[in-house]
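Asker: Below are the chains, spelled out letter by letter.
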Amino acid sequence: MRRPGAVRQRRRTEVAGWLFVSPATLLFLIFIAGPFVFAIGLALFKWDLLTDPVFIGLDNFVKLFTDPILPRVLANTFVFAFASIVTHIVLGLLLAIAVNRVVNRYLSYFLRVAVFFPFLISWAAVSLLWKYVLDPTFGFVSQYAAMIGIDTPNFFTDPSWALPAIIFIDLWHTLGFTFIIMLAGLQTVSPELIEAARTDGANSWQVFWKVTLPLMSPTMFFAMIITFIGAFQVFEPIQIITKGGPQNSTTTIVMYLYEKGFQSFQMGYAAAVAILVFLIVMGVTLLQFWGRKKWVFEA
Amino acid sequence: MRFRRGRTALAVLAIATTSVLIAGCSGGGGGGGSSPSGSPDSGELTFVYLGDANQQKAFNALFAEFNKQYPDIKLKAQGIPAGNWADFSNTVATRLAGGQVIDIIQVATEGQRLFASKGVLADLGPFIEQDKAVVDDYWADINPKLKQFNEEFASGPNGETLFIPGGFNTMGMYLNKSVFDAAGVTIPADGNWTWDEYLAAGHAIKDKTGAYIQAAGSSYFGDAMPWLTTNGASTFNADWTKPTYNSPAAIQSAEMARQLVAEGLSPEPGGQFDAEAAYKQGKLASLNGGRWPVLSIRNLDMVADTVVVNWPTKTTNGSPVGWDAWNIAKNSKNQEAAWTFIKFLMSKDAGEYFATIGGTIVPARESVAKSSAFTDNAPEGSIRLSEAMSYATPIPSIDRGAEAQKVIEEAWLTIISGQGDAKATLDAAQTKLESLVANK
Numbered sequence: 001m002r003r004p005g006a007v008r009q010r011r012r013t014e015v016a017g018w019l020f021v022s023p024a025t026l027l028f029l030i031f032i033a034g035p036f037v038f039a040i041g042l043a044l045f046k047w048d049l050l051t052d053p054v055f056i057g058l059d060n061f062v063k064l065f066t067d068p069i070l071p072r073v074l075a076n077t078f079v080f081a082f083a084s085i086v087t088h089i090v091l092g093l094l095l096a097i098a099v100n101r102v103v104n105r106y107l108s109y110f111l112r113v114a115v116f117f118p119f120l121i122s123w124a125a126v127s128l129l130w131k132y133v134l135d136p137t138f139g140f141v142s143q144y145a146a147m148i149g150i151d152t153p154n155f156f157t158d159p160s161w162a163l164p165a166i167i168f169i170d171l172w173h174t175l176g177f178t179f180i181i182m183l184a185g186l187q188t189v190s191p192e193l194i195e196a197a198r199t200d201g202a203n204s205w206q207v208f209w210k211v212t213l214p215l216m217s218p219t220m221f222f223a224m225i226i227t228f229i230g231a232f233q234v235f236e237p238i239q240i241i242t243k244g245g246p247q248n249s250t251t252t253i254v255m256y257l258y259e260k261g262f263q264s265f266q267m268g269y270a271a272a273v274a275i276l277v278f279l280i281v282m283g284v285t286l287l288q289f290w291g292r293k294k295w296v297f298e299a
Numbered sequence: 300m301r302f303r304r305g306r307t308a309l310a311v312l313a314i315a316t317t318s319v320l321i322a323g324c325s326g327g328g329g330g331g332g333s334s335p336s337g338s339p340d341s342g343e344l345t346f347v348y349l350g351d352a353n354q355q356k357a358f359n360a361l362f363a364e365f366n367k368q369y370p371d372i373k374l375k376a377q378g379i380p381a382g383n384w385a386d387f388s389n390t391v392a393t394r395l396a397g398g399q400v401i402d403i404i405q406v407a408t409e410g411q412r413l414f415a416s417k418g419v420l421a422d423l424g425p426f427i428e429q430d431k432a433v434v435d436d437y438w439a440d441i442n443p444k445l446k447q448f449n450e451e452f453a454s455g456p457n458g459e460t461l462f463i464p465g466g467f468n469t470m471g472m473y474l475n476k477s478v479f480d481a482a483g484v485t486i487p488a489d490g491n492w493t494w495d496e497y498l499a500a501g502h503a504i505k506d507k508t509g510a511y512i513q514a515a516g517s518s519y520f521g522d523a524m525p526w527l528t529t530n531g532a533s534t535f536n537a538d539w540t541k542p543t544y545n546s547p548a549a550i551q552s553a554e555m556a557r558q559l560v561a562e563g564l565s566p567e568p569g570g571q572f573d574a575e576a577a578y579k580q581g582k583l584a585s586l587n588g589g590r591w592p593v594l595s596i597r598n599l600d601m602v603a604d605t606v607v608v609n610w611p612t613k614t615t616n617g618s619p620v621g622w623d624a625w626n627i628a629k630n631s632k633n634q635e636a637a638w639t640f641i642k643f644l645m646s647k648d649a650g651e652y653f654a655t656i657g658g659t660i661v662p663a664r665e666s667v668a669k670s671s672a673f674t675d676n677a678p679e680g681s682i683r684l685s686e687a688m689s690y691a692t693p694i695p696s697i698d699r700g701a702e703a704q705k706v707i708e709e710a711w712l713t714i715i716s717g718q719g720d721a722k723a724t725l726d727a728a729q730t731k732l733e734s735l736v737a738n739k
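Keeping their order, the protein sequence lines are chains A and B. Going by our numbering, the letters in the first sequence line up with residues 1 to 299, in that order. Going by our numbering, the letters in the second sequence line up with residues 300 to 739, in that order.
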């Protein structure tokens, strides 16, 4: 038999606990769980925003399998996401290693700020900036390339070049974030372990492959997860620079969702696409967690 | 088992909740009884219009003028700085779906069919009947074609009047006189020239000054339609029921636009070419547009150095025309006050005032378009924009207008940037447009 005082105390603790988590819970319910449930319901309707919605059951989900544009859109998105992961992880890591080796403290701070700075600029400004830089007639790139006899493509109207150009712009803008994560990870690598490896006769390359990289793997894993999630939802640069063109070569899944919802007024179908996005992101993330055992070093 | 039943119940509850929420989300089609609501002299009105920061200054001055006459009508005017009318219409539709009450939407041709087809606008017939003298005076002073287009393309499903047409825009060319003079090219005195004369002028200007004749673009209204209409083509047939984007004349028009880029008379599209700066620096011989470039021309202090001419022709004079129109939402609580505001906008005083302070449209009233309010502090030949109404083609804007616009612009960009053959590209676009017409 419990003492009444102890029960009261436990209840008080429970109430306090609920009160502490209630703001976060409320925000989660309003901004995440609520819209998610709403989207599931919305996907069962045909709704053009202006007239009354009509219940159509699973038709919007069936349409996902017959939509002729969706495979191209998914392919674009996966290409973007894969390229984004590889370039961010490789370059982010290399930059972090390079900056981490800089001995001069002030130069190191300067380099950190310089690499991270583009990430602080809004997507709208970045997009317009690169539209100027890559302008086929007046852009710096085409002008300097012409000086050395190189004929540059029209990056934003050539279907073969538009997606690579967007991938590059995204890399320029967001690499700083991956770099900071990698730098933080590098600083957790114990210098004693590196010293021990050197003492055992390991050269720089071996230290990197056998010590630094395994110890960095949890950080790289985290960077991979968030880079994939971010890349899969890319929207702003595409909306501002190419609007999904030319010839759908840069239409990614979120851009497509936006077009369906707010240009075609197919809100139900757009909700079905949103659910597909959720399922893909969740599926790939689970796959990454499953694959983690094979390459992430757990101390 | 209990767990599974619990999950099913949860799912049913979620769907039921969502259904209730969605049911409450219809975009304002309801309401609007048989008699107009509110008072004509007081109340709160929300008016949305397309306008960037530059245009909003002019609009704000106009609204202040209205409030001098009707101090008890509180006007909440909201400018939406959308890039084009299709985006504007989408934004307004989203706001309506979100439950916002908008009493008056100033919407151009590109969005009129969207709103007309969704049953969200009130029949203006009773208001017109009630103020017949005011409305008749307005009809008598506007180009009869504008009234005809409004009836033909923007009426409700049962022929009801949903819009009062306001100002309009046609397309012309603002020529930089200094560049033409430097190249020794004569500007056509009557404002008319042919495609061949235009190409010859482009080459002479390029050779002698290095300037481009025009910026290459792919906007539906400002780039594709002028080349199409000056060759007797369009994107759709006369009643917008069938796309005609791959007609031989349309293909020839697209090839002409491509020729300008291919021969170096226009810069390559696809970047961020600053046409206004280039115009001021003498690196660009013309700015294309309706009335709206006048603000930039004034800001660049180029009014005296600019002349407006018609778009060069292949077979006939041609131009698209799009017009602003005012309406009253069915669910407006102050329909009478909204009508008062529309009457104000129709008045000659408001038209003159708006033209004077920098309105970016050709005034609907011909008396205003021909007055100094429109022609003062504007380039020579500005009246040609008003006269173009006599031969202009309403910009085809089907119910699924935003999607059609995207198809049209993408195809045009593909052609002018040399990424696709004109015929094959327009054939593919035609198929997409046919699908949009078939699946309303």
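The hints are simulated quantities; they were obtained by calculation from the structure and are not laboratory data. These numbers come from a predicted model, not from an experiment. Just so you know, even glycine gets a beta-carbon here, dropped at the ideal spot from N, CA and C. The reader is advised that the hints may include incorrect statements.
So, partial list: chain B residues that the calculated Cβ filter (under 10 Å) puts toward chain A [to be verified]:
no., residue
1, Ala385
2, Leu395
3, Lys417
4, Asp422
5, Asp436
6, Glu450
7, Phe452
8, Gly455
9, Pro568
10, Gly569
11, Phe572
12, Asp573
13, Ala577
14, Gly581
15, Lys705
Asker: So, for every hint listed, does it hold in this structure?
Answerer: Verification of the supplied hints:
Interface restraint check: Ala385(B) against chain A, minimum CB-CB distance 8 Å, threshold 10 Å, status holds. The interface hint given for Leu395(B) holds, since its Cβ lies 6 Å from the closest Cβ of chain A, which is under the 10 Å cut-off. Proximity of Lys417(B) to chain A holds as hinted, the smallest CB-CB distance being about 4 Å (cut-off 10 Å). With its C-beta approaching chain A no nearer than about 17 Å, Asp422(B) sits outside the 10 Å limit, and its interface hint is violated.
Residue-level restraint check for Asp436(B) is violated (minimum Cβ-Cβ distance to chain A is 33 Å; threshold 10 Å). A hinted interface residue such as Glu450(B) counts as satisfied when its beta carbon comes closer than 10 Å to some beta carbon of chain A; here the least separation is about 23 Å, so the hint is violated. The criterion of a C-beta within 10 Å of any C-beta in chain A is not met by Phe452(B), whose closest approach is roughly 19 Å, and the hint is violated. Using the Cβ-Cβ criterion of 10 Å, the hint placing Gly455(B) at the interface with chain A is not satisfied: the shortest such distance is roughly 14 Å.
Taking 10 Å as the C-beta cut-off, the interface hint given for Pro568(B) holds, the closest approach to chain A being about 6 Å. A cut of 10 Å between beta carbons decides the hint on Gly569(B): the least distance to chain A is about 4 Å, and the hint holds. A cut of 10 Å between beta carbons decides the hint on Phe572(B): the least distance to chain A is about 6 Å, and the hint holds. Against a cut-off of 10 Å between C-beta atoms, the interface hint on Asp573(B) holds, since the closest Cβ of chain A lies about 8 Å away.
The closest approach between the C-beta of Ala577(B) and any C-beta of chain A is roughly 9 Å, which is under the 10 Å cut-off, so the hint is satisfied. Look at Gly581(B): its Cβ only gets to about 15 Å from chain A, farther than 10 Å, so that hint breaks. For Lys705(B), the interface hint holds, since its Cβ comes within 10 Å of a Cβ in chain A; the closest pair sits about 7 Å apart.
Violation of the numbered hints given earlier is confined to hints 4, 5, 6, 7, 8 and 14; the remaining hints are satisfied by the structure.
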